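Colleague: So the chains spell out like this:
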Amino acid sequence: MDKNNLYNIPPFADDDRVDGLAKVTGKAKFTAEHQLPGLVYGVFVCSTIAKGVIKNMYLAAAKNAAGVIDIIYYLNCPAVPGYKPADRTKNPNARDYTGHKVFFNNLVLSNGQPIALVVADTFERAVHAASLVRVEYDKEVPETDFEKNKFNGKLLKNRGEFLRNEKDAWKNAAVKLEQEYTIPIETHNPMEMHATTAVWEGDNKLTVYDKSQGPKGVQGELARMFELEEKNVKVITEFVGGAFGSGLRSWPHVHAAVIAARKLKRPVKLTLNREQMFTMVGYRPYSWQKIGIGASKEGKLYGITHQAVSNTSVYEDFAEGIVNVSQFLYDCPNVNTDYKILPLHINTPTWMRGPGPASGCFGLESALDELSYQLNIDPIELRIINNAEVHPQSKLPWTTKYLKECYALGREKIGWSNRPSVPGSLKEDGMLVGYGMAVGVFGAGRGGATAKGILKQDGSLLLQSAVSDMGPGTSTAMVKIGSEQMGLDDNKVRFELGDTDFPSGPTQGGSGSATTVGTAVMAVCDALKQSLKEMAIENIAAFKNLKPEDISYENGKLVAATDASAAIHFTDLLKQSSKPELQVSKTSTGFAQRDKYVANSFSVHFVKLHVHPVTGVIKLKHIVSVADAGKIISEKTARSQMVGGAVGGIGMAMTEETLMDHRYGRYINSNFVDYHVPVHADVPPVDVLFVNKPDNIISPTGAKGIGEIALVGVAPAITNAVYNATGKRIRQLPVTPDQLIG
Amino acid sequence: MINFEYVKANSAQSASEARIKNGASQFIAGGTNLVDLMKKGITAPERLIDINALPLKEISLTPKGLSIGALVPNSVAADHETVKTKYPLLAMALNAGASAQLRNMATVGGNIMQRTRCSYFYDTTMPCNKRNPGTGCSAVEGYNRMHAIFGASEQCIAVHPSDMCVALAALNATVQVSGTKGTRKIPFADFHRLPADTPQLDTNLQVGELITAVSIPAHSFNKAYYLKVRDRLSYAFALVSVAVALDVKDGMIRSAAIAMGGVAHKPWRLYEVEEFVTGKPISKELFTEAASIAMTGAKTYTHNQYKIKLGKAAIIEALTKASS
Ligand SMILES: Cc1cc2nc3c(=O)[nH]c(=O)nc-3n(C[C@H](O)[C@H](O)[C@H](O)COP(=O)(O)OP(=O)(O)OC[C@H]3O[C@@H](n4cnc5c(N)ncnc54)[C@H](O)[C@@H]3O)c2cc1C
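Protein sequences, first through last, are from chains A and B.
The number in this note's numbering is simply the position in the first sequence, starting from 1, with 10 added.
The number in this note's numbering is simply the position in the second sequence, starting from 1, with 2 added.
Hints listed in this document are in silico derivations from the structure and should not be mistaken for laboratory results.
Remember, it's a predicted structure, so these values are computed and weren't measured experimentally.
C-beta: ideal position from N, C-alpha, C; glycine also.
This list has only true hints and no planted wrong ones.
Here are the computed lysine to any residue pairs in the SDA-like style, where the Cα-Cα straight-line distance is at most 25 Å:
hint : chain 1 : residue 1 : chain 2 : residue 2
1    : B       : K41       : A       : M203
2    : B       : K42       : A       : T132
3    : A       : K73       : B       : I44
4    : A       : K73       : B       : M40
5    : B       : K42       : A       : E285
6    : B       : K42       : A       : V145
7    : B       : K286      : A       : G440
8    : A       : K177      : A       : Q189
Pair ranges (Cβ atoms, derived):
hint : chain 1 : residue 1 : chain 2 : residue 2 : range
9    : B       : A46       : A       : K629      : 37 to 45 Å
10   : A       : K65       : B       : T304      : 28 to 36 Å
11   : B       : G136      : A       : K39       : 48 to 56 Å
12   : B       : T304      : A       : K177      : 37 to 45 Å
13   : A       : R144      : B       : G25       : 20 to 28 Å
14   : A       : E176      : B       : E156      : 56 to 64 Å
15   : A       : R144      : B       : L63       : 54 to 62 Å
16   : A       : A89       : B       : D199      : 49 to 57 Å
Using the sequences and the hints, build the whole thing.
Modeller: Written as structure tokens, this is what we have:
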């Protein structure tokens, strides 16, 4: 049997990814790998200043270079209809396009901004020609320095205040502290770099191969931008080599590829290089937080004040709920928060794994840890004392919440009882030993989605939805749900995705794919069963006088409730009914009980580490990540997500920092030598534990979502462990050896 | 495209001749540094002279010492039995460099000749005296966390990035060189240059000269340790590194060789520290004092002040580890 045939592969080892073999053998085609007849290659020329006006672009050398077909820039770029101010006469809700308008005018608003696209017959020739373009600017002084401007009232924009009861009440508590926390820019650096290939058929039909977390989202945006009917825009995103939020929207390169392909009437492929990833597809914004927190001597929280500022670009507002965690994660009577954004001459940030809580929990969970030492209460106990039984603001219950179970599982696994209560007091092999923990949280829920199911005579089930799988294993999970619902072997079920011709599915983000698409798949399966029953009544004598509710569906067989001998497998039923296949499409709606419940996934991360007492080098020894993520649909991919989140958290805590030279407003480490993501040597054994209790209120799948809580809380668990080992409190990420020397 | 000529040298002599004939030509060995520099637009050789076919892949031990051919891959040298047993400091330093994949490609000659990793050197949009003499040094007032604390000039504060070279400097290696006019030997300490007013010159190798081997004299060191402190546990350049070789008998240091990496434009040999510890009994106090001596004269910039503290810590730790 052909092992590379996704559809008919032999039963895969328990929990293997359905597309794992294709991915590791190179059979899976990622966006930039699609070759089309007549394809030409676009390469960006990017600004080397952060603010100013393009005075002159000298294109002759590039134009004369071998293989160059065209150079598109602001003076010759066809107008993009969607960049015009929205026409609200037709649609009062129409919004202006706020993203970077590529080749729209001669203004430079950030360094690394695309200012021209060189199109050539080969990629290499386009790269070379792009290097020949010379640009003359009228330079202006950019503002890129977050630290210098974080309290600059002239620049800051308010993004909301929140007050529960008394403001700044923490100041009146018996035990209290106030501290500041800083997280630098962390850049989106999935393995696969962003790429787009655009192909026009005439002026009204567009096909786009795009690395994206939401083909439907790209379709909608391109239809708006280029004034096309949605059905005439086809977006293909079959495989995604990682995307942690960078694929949640369409960036300038997507528009540029479409513009070029239309202008040249040829398919154009545009691939970003690693350096361009740093200036074009978003990042976790730089953030500053200040937290005041106070409790009674017994550890009962009395007040939290949580302020934050994070950066955005000068052309677009980006905000994420950094301070929101303080409003509900613990039971605290008095809470006030305030959040502002700071526009800088840097490209727009975007959501990055755990957006909001990932940053907010670094502040809150660090502050709680610090408070626990002041109180002399074990940090886990402190959290249990303040466990929110109901949402402290709305007083609504959680759909499910098994945070206490997470503490219990994790403390056992990490060996929490070995934790020294006095920082710096435990040594092992000459190394300082530290234990730390922190909580992660993220919204759970379910959106609307449509899925199609095709049940065939050969006993197979094909499921389809226009979603993408950026790595969490959505295809695998949907196969699991489909096979379980229909009583089929996993290898009889296939899930097709990444094509807007399939029924509409959501953009993948916010840990909602399993519940959202899973619910649609379950609805499809229910509808298939119902149709089979009706078909049996119509076509099979033994079922003739029955009603659908008198027939049960068991492992592929329809069985009459009254007479178990009246049974038929759906494959025979289809044959006897002369139907090659049975097709249904079903749409499931979003989670509708927001007025009755609060929905969150929770995680608790535990870390054991060594710190070298002289050189300050940290060696992580063990991470235990425990998740309250509802029912675990696919154990292996769920575990992989948690491990990946832990690695991302290690990066956030210890290695990742995008560095800017403010004199030039330019990044100085936009490459993989200087921008450090964790390597294997940095990653200790990671144990993943799941509470694995279904949440049937959010969705019939029982799942809650894993992607974000896998990372949220990992960084503070590490820095809390560093404190436990050394007595040094890290409030500015990342922690590097120079901060911990002797 | 920037086309270049590619020639395969079949003798050291013809390689050198080819190099002299075209001033804009370069030797290529493993290519792990040169190809990156070409891709980044930092160098654009008109001709690449591939030296990989030359018979410079031998590792041999004689009573006088060890000789390692210039084309021996870093990984082969690090795993070589003689190197591991007789020159463990070198093996440790080699293994601390780059990643397994890079060490498989990187050659000993190329490692010695690798260029700095200063971010400003790598970004062709920024001033850099090393890349573009006379344009200025962006690092002096820029982000200089990785930069030199010894021997720098206002023209350049870049550091030499190699780990292997730190061990070679400590072990008094000699670089064997051949050119059109014959061969010569360059003591390791004289091989790399300080930036002074000519930061564009990394070494004292003359145009056309080819490294054929490095030789390390026989020695009496019975203890060695290479410590590299970096921002992640593998695949990162040193914040600081220390190579220590000691001859210890009955708790007494009879002789010492110590060099640092990540602190200067060349591997930084600590002669005064060597002298200071020689003839003294091992003690914590001795190492602490040695570390202080090592750091005298250090000049720091805005972001690399930590290197003094970290440098001291690293010296203490390396001496402790070596002597234990
Ligand atoms: C991502 C990354 C991380 C790295 N990390 C480290 C690290 O942590 N520590 C470390 O020490 N190194 C590190 N390196 C550098 C690596 O060690 C060097 O790139 C490698 O040693 C160069 O050897 P090569 O044979 O590939 O040289 P090439 O790239 O082929 O050549 C480099 C230069 O040497 C010249 N040259 C080569 N051979 C000779 C010769 N025989 N005679 C005269 N000139 C010659 C070439 O002309 C060229 O100018 C890293 C490199 C990379 C890319």
